[in-house]
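A.B. asks: When we follow the numbering used here, the leftmost residue of the sequence shown carries the number 13, and every step to the right adds one.
Bear in mind the hints are in silico, worked out from the structure with no lab data behind them.
Treat the hints with care, as some may be off.
Derived pair list, reagent style EDC-like, types lysine to aspartate or glutamate, alpha-carbon separation capped at 20 Å [stated by the list, open to error]:
1) Lys70 x Glu81
2) Lys184 x Asp247
3) Lys179 x Asp90
4) Lys240 x Glu256
5) Lys276 x Glu259
6) Lys138 x Asp180
7) Lys77 x Asp67
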Amino acid sequence: MAPRSRVWLITGCSSGFGLELAKVAAARGDKVLAASRNPAKVDLSHKNITAVQLDHNKPLPDLKKAVAEIVKVHGVIDIVVNNAAYVQTGTLEEATPEETYKQFEANFFGPLNLYRAVLPQLREQKSGTLVTIGSMAAWYPMNSCNLYNASKAALRWAGIGLAEEIKDFGIKHTLIEPGFFRTSLLKPGANLSGTPASTRMKEYDEINAKADQAFKDFNGIQLGNPIKGAEVIYDVVTSTGVAEGRELPGFFALGSDATAEIGKALDKTREDLEEWREISKISDFPEGK
Numbered sequence: 013m014a015p016r017s018r019v020w021l022i023t024g025c026s027s028g029f030g031l032e033l034a035k036v037a038a039a040r041g042d043k044v045l046a047a048s049r050n051p052a053k054v055d056l057s058h059k060n061i062t063a064v065q066l067d068h069n070k071p072l073p074d075l076k077k078a079v080a081e082i083v084k085v086h087g088v089i090d091i092v093v094n095n096a097a098y099v100q101t102g103t104l105e106e107a108t109p110e111e112t113y114k115q116f117e118a119n120f121f122g123p124l125n126l127y128r129a130v131l132p133q134l135r136e137q138k139s140g141t142l143v144t145i146g147s148m149a150a151w152y153p154m155n156s157c158n159l160y161n162a163s164k165a166a167l168r169w170a171g172i173g174l175a176e177e178i179k180d181f182g183i184k185h186t187l188i189e190p191g192f193f194r195t196s197l198l199k200p201g202a203n204l205s206g207t208p209a210s211t212r213m214k215e216y217d218e219i220n221a222k223a224d225q226a227f228k229d230f231n232g233i234q235l236g237n238p239i240k241g242a243e244v245i246y247d248v249v250t251s252t253g254v255a256e257g258r259e260l261p262g263f264f265a266l267g268s269d270a271t272a273e274i275g276k277a278l279d280k281t282r283e284d285l286e287e288w289r290e291i292s293k294i295s296d297f298p299e300g301k
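Please model the entire structure based on the sequences and the hints provided.
C.D. replies: In structure tokens:
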């Protein structure tokens, strides 16, 4: 008896990594539940892709109902990819509490609630894989983009912590932190939201101008190829292709810029630790006392 096809649930499938990963998985014979707030925007050119409505920003009871309906399509879900996100720009002082919450709702609270909604199904199956799409931005600050970086840092540690809590149920988790890829993430009006001119402060004009120009100039020339990136994600998650025979990593940096920037952040952290090590230990009780 031939093994059944894997079933993926992928969020944010109207564009970017979500769409490309859905296409790769479908082309390799897997079934894909391509989730979007607006399913009409999902590319259904492959017969293995089924568009489903899902807004992870909805209250948890609504999410649970949506996931229950989605499970009915194939009766099972093997791999859940938490991918939907957007970038809020603007300095921390300028950003309103509402903008701050909205950023964390989309990039942290929503993804965490999706896992809460789907985990009962996976625990019942005693199997499954959770894939959290984070960002290398979780590792460092960035002027006029720190809400996004902070939301991805929160997602990083929640995902790593979740992995330990669910492993005894036969459920695996991997955190994938991409570098810059040529998706619509930096496209104004799509997944890039800026603080309005009415709330911007003249004291931050230079910082905001530099950041706005940098995003504008960088959009469309990012180093990462989203199609190749999606293929690598597929291989890493399924232990096939370039990852044949390798265990699912707890953490995977996607793209040479991600490995470089995360490496710099690690080096800086080590330097700070060593510089203050002797003063730090003054706060200890004497050993053995």
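A.B. asks: If a hint holds in the structure, say so; if it does not, say that too.
C.D. replies: Status of each hint after checking the structure:
A threshold of 20 Å between alpha carbons decides the hint, and for Lys70 with Glu81 the separation of about 15 Å falls inside it, so the pair holds. As the CA atoms of Lys184 and Asp247 are separated by approximately 15 Å, the hinted pair is consistent with the 20 Å bound. Our distance criterion of 20 Å between C-alpha atoms is met by Lys179 and Asp90, whose separation comes to about 15 Å. At roughly 16 Å between alpha-carbon atoms, Lys240 and Glu256 fall within 20 Å of each other, so this suggested pair holds.
Simply put, Lys276 and Glu259 have alpha-carbon atoms about 26 Å apart, too far for the 20 Å limit, and the pair is violated. Annotation: proposed proximity of Lys138 to Asp180 holds, straight-line Cα distance about 9 Å (limit 20 Å). Among the hinted pairs, Lys77 with Asp67 is consistent with the structure: their alpha-carbon atoms are about 11 Å apart, no more than 20 Å.
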